[in-house]
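Protein chains: 2
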Amino acid sequence: MHALRMALIVQKYGGTSVGSIDRIKNVASRIKNERDKGHQVIAVISAMGGVTDKLIALAKELSNDPVERELDVLLSSGEQQSIALLTIALNEMGIDAVSTTGRQAGIVTSGSHTRGRIERIEPTLVNQYLEQDRTIVVAGFQGITKDGMIHTLGRGGSDLSAIAVASSVKADLCQILTDVDGVYTADPRVVENARKLPEISYDELLELASVGTKVMQSRSVEFAKKYGVKFEVKSSLNNNPGTIVTEEHEAMESVVIRGVSIERSQARVTITAIPDTPGMSGRILGALAEAEVNIDMIVSNIASDKLARHSFTMHTNDLGRAQSALKPVLDELSADAAIETEAGIAKLSCVGIGMRSHSGVAAQMFEALGKAGINIGMISTSEIKISVTVEEEQIEKATRVVHTAFGLDA
Amino acid sequence: MHALRMALIVQKYGGTSVGSIDRIKNVASRIKNERDKGHQVIAVISAMGGVTDKLIALAKELSNDPVERELDVLLSSGEQQSIALLTIALNEMGIDAVSTTGRQAGIVTSGSHTRGRIERIEPTLVNQYLEQDRTIVVAGFQGITKDGMIHTLGRGGSDLSAIAVASSVKADLCQILTDVDGVYTADPRVVENARKLPEISYDELLELASVGTKVMQSRSVEFAKKYGVKFEVKSSLNNNPGTIVTEEHEAMESVVIRGVSIERSQARVTITAIPDTPGMSGRILGALAEAEVNIDMIVSNIASDKLARHSFTMHTNDLGRAQSALKPVLDELSADAAIETEAGIAKLSCVGIGMRSHSGVAAQMFEALGKAGINIGMISTSEIKISVTVEEEQIEKATRVVHTAFGLDA
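Taken in sequence, the protein lines are chains Y and B. Quick note: the first sequence uses the working numbering, first residue 1, plus one each step. Quick note: the second sequence uses the working numbering, first residue 1, plus one each step.
Incorrect hints may appear among the rest.
Note: identical chains are not told apart, hence a pair may lie in one copy or across any two.
Stated by the list, open to error - Keeping only pairs whose Cα atoms sit at most 25 angstroms apart, straight-line, the calculated DSS-like set for lysine-lysine is:
| hint | residue 1 | residue 2 |
| --- | --- | --- |
| 1 | LYS226 | LYS25 |
| 2 | LYS54 | LYS25 |
| 3 | LYS60 | LYS170 |
| 4 | LYS306 | LYS60 |
| 5 | LYS60 | LYS25 |
| 6 | LYS60 | LYS32 |
| 7 | LYS397 | LYS214 |
| 8 | LYS327 | LYS306 |
| 9 | LYS196 | LYS54 |
| 10 | LYS170 | LYS327 |
| 11 | LYS25 | LYS306 |
| 12 | LYS226 | LYS146 |
| 13 | LYS214 | LYS225 |
| 14 | LYS32 | LYS371 |
| 15 | LYS397 | LYS170 |
| 16 | LYS170 | LYS32 |
| 17 | LYS37 | LYS226 |
| 18 | LYS25 | LYS397 |
None of these hints come from the bench; they were simulated from the model.
Bound conformation, chain Y alone (with noise of 0.2 angstroms):
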């Protein structure tokens, strides 16, 4: 990390990290940290932790289906309330701060009730408090539509909220404080040699994110590449440096694989004998679709008696759907259609931007787990990322070896 020199730092602290009062204490004290060296800091956090499970059970305890609107104005309370005693906190440490709800911070957002999108933010106030050297605390996860409506943004909505704020002030670092340390090779829980990567790229944490490593969700790095907010990922409980988030540049590329993820308790779906003729996969994936049922890998190969055949990838608990989807498209297909399913699978997946410009990258994954002894079931390639499923039970001792193999081990 290079060293800042009164910079502005936009940091990010999750509802683990202000879950208490002593943990609010602490946030505090490490706002305080970066303010004595001379930086000026806007914290953007989330609701205390469980405060919004709580307020959830209170609106089902009123209606199954509670109205959206108003999810989003009672939810959006629990912000509020971590950044006013988050900001007391700060006060009492004789830090002059101010907190902003979503709207004071003019996070604008369209899109649905409870999965509302940011559309652009309107940093007015902000940027006059920040002209004022005061410390700010910005509720995440909220914002408001143009009509002044409130809106809550999903899941992982603080970490797009610090983000979009970084961007509208133009920080000089975004630090994303969550339980863990950073970005690593591999989980290290499998691979105890797995290391913490100093740097990665938005692409590569995309697909890792994708294939299981929950650091942040895919929308909040896309947020940050699609406008160039370099990031870090780090510990809210130490002070170690963690991983920074940025756009990719030459000398990235010099690693083959950045890392290695998996994902448990798959199960794979075929049909077979699907006349090879045009609207077939479509009306498959429909059905599929309209059953909501998320598919990931995605194989198809036409057999030497013009009758195709696809498989997918899906989530274990997602198998009885697909195959009650699949029933009647089935009958439509061929009088001969009919699907296999596998459960108690896992997929693997080595992801890195320097597969673009080396070859063989997957011949020498393939080659390293063939030598383990772990059979390979499907396949499938993008630019940066190569997957494969092998049998549930060996996924630990297949990441290991891959691990191995691409020189990641510590």
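Start from chain Y and add chain B according to the hints.
Structure of chain B alone, referenced to chain Y:
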């Protein structure tokens, strides 16, 4: 009460009335009843009972003296929750309802944080919802400054919100729903024969309120008087008619005394041998004001030796602070100046606009008390009120005697 056809009704529900999920459902049913009769309803509500105290307790864990700007942000979250929950309950019953925060309801305030004053109401959004024939749930107790800062209105603020909203939308009726049944001729716990008043004037309620009948805060009544908002104080637990509070009219004057109220735990402070020179009273009252002693009755007279005596009443809790504050002043007054104090007294007041046109009311009151063997201490009068102090142990008997003497018994 006159029958209302297709009326616009503002109903205010306090924290106790929305203090639990079941009570919120009960309030929703009451609103539905009005809708079913064809009326339009705007409900102005407080935070769920206990929530405000819990939030203050959290703030106090962080600071003995939390910044007031942030207390407002914190406390206003309480109504934001209750309006959302009530609106969810209404929608669940098939009522097309929407919530509005103080800001969305256009409640514009001035003054200080934690004790904002309502400056004006800009009911653009509320009127829009009314045109759509929707039921509106407004957050009481809160508003915003013209700069967009959140204000709370202090004690009794939700009543004030309701009356201001009623005024701004020209409601046909404003109902203050509370845990009392209406305004009584006397406290029914003291006077068994006390009667609920069908009607009372603003001024009478103000005088009764200021002497201990805690139906509503004075400023809400003053606000209603200023803007001519007729309102009804009634129970949220039954459907009995309450008391209409309105401008005085001729028929009201036929009743000499509308009601009797008492204030307990009073103390008297008398300062003797005050030189009869200008500025002495100001000096004494200034010292008490500086020590934040609220004084109530003030009686002053001149003895034959050109030395004055001042007496004041105050709450017993303030007596010590008053004595400390007056000590340095005494030395300035004269060598003979001294303080006498008496605790254990109470105040009894008779209130009625009929006093203006009836003479001999004081005489009638004093005679009744005298006949009952009750000694009178200090006396003070206003245009529509006579107050006396008596020994605290005689206050209940004194109240019954006066209540009977003025023909108020049921």
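As a check of your reading, is LYS196 near LYS54 (CA-CA no more than 25 angstroms) within one copy, between copies, both or neither? neither (35 angstroms within a copy, 42 angstroms between copies)
Within, between, both or neither, where LYS226 and LYS25 count as close if Cα-Cα is 25 angstroms or less: neither (34 angstroms within a copy, 46 angstroms between copies)
Taking 25 angstroms as the upper bound on the Cα-Cα distance, should LYS170 and LYS32 be classified as within, between, both, or neither? For LYS170 and LYS32, only the intra-copy Cα distance (21 angstroms) is at most 25 angstroms; the inter-copy one is 51 angstroms.
Within, between, both or neither: LYS60, LYS170 at alpha-carbon 25 angstroms: neither (41 angstroms within a copy, 35 angstroms between copies)
If the cutoff is 25 angstroms on CA atoms, where do LYS54 and LYS25 land: within, between, both or neither? Let me know, please. For LYS54 and LYS25, the Cα distance is within 25 angstroms both inside one copy (23 angstroms) and across copies (18 angstroms).
Up to 25 angstroms between alpha-carbons, please classify LYS60 paired with LYS32: within, between, both or neither. Result: close only across copies, 20 angstroms inter versus 39 angstroms intra.
25 angstroms Cα cut-off: does LYS170 pair with LYS327 within a copy, between copies, both or neither? neither (53 angstroms within a copy, 61 angstroms between copies)
Up to 25 angstroms CA-CA - LYS25 versus LYS60, copy category: Classified as between: cross-chain Cα gap 13 angstroms, same-chain 32 angstroms, threshold 25 angstroms.
My question is about LYS397 and LYS170: at a cut-off of 25 angstroms on alpha-carbon distance, are they close within one copy, between copies, both, or neither? The answer is neither: 44 angstroms in one copy and 74 angstroms across copies each exceed 25 angstroms.
LYS37 and LYS226: within-copy, between-copy, both or neither at 25 angstroms Cα: The answer is neither: 31 angstroms in one copy and 55 angstroms across copies each exceed 25 angstroms.
For LYS306 vs LYS60, is the C-alpha pair at or below 25 angstroms within one copy, between two copies, both, or neither? Result: close neither inside a copy nor across copies, 52 angstroms intra and 75 angstroms inter.
Up to 25 angstroms CA-CA - LYS225 versus LYS214, copy category: For LYS214 and LYS225, the Cα distance is within 25 angstroms only inside one copy (18 angstroms; across copies 60 angstroms).
The structure is inconsistent with the numbered hints 1, 3, 4, 9, 10, 11, 14, 15, 17 and 18, although it conforms to all the rest.
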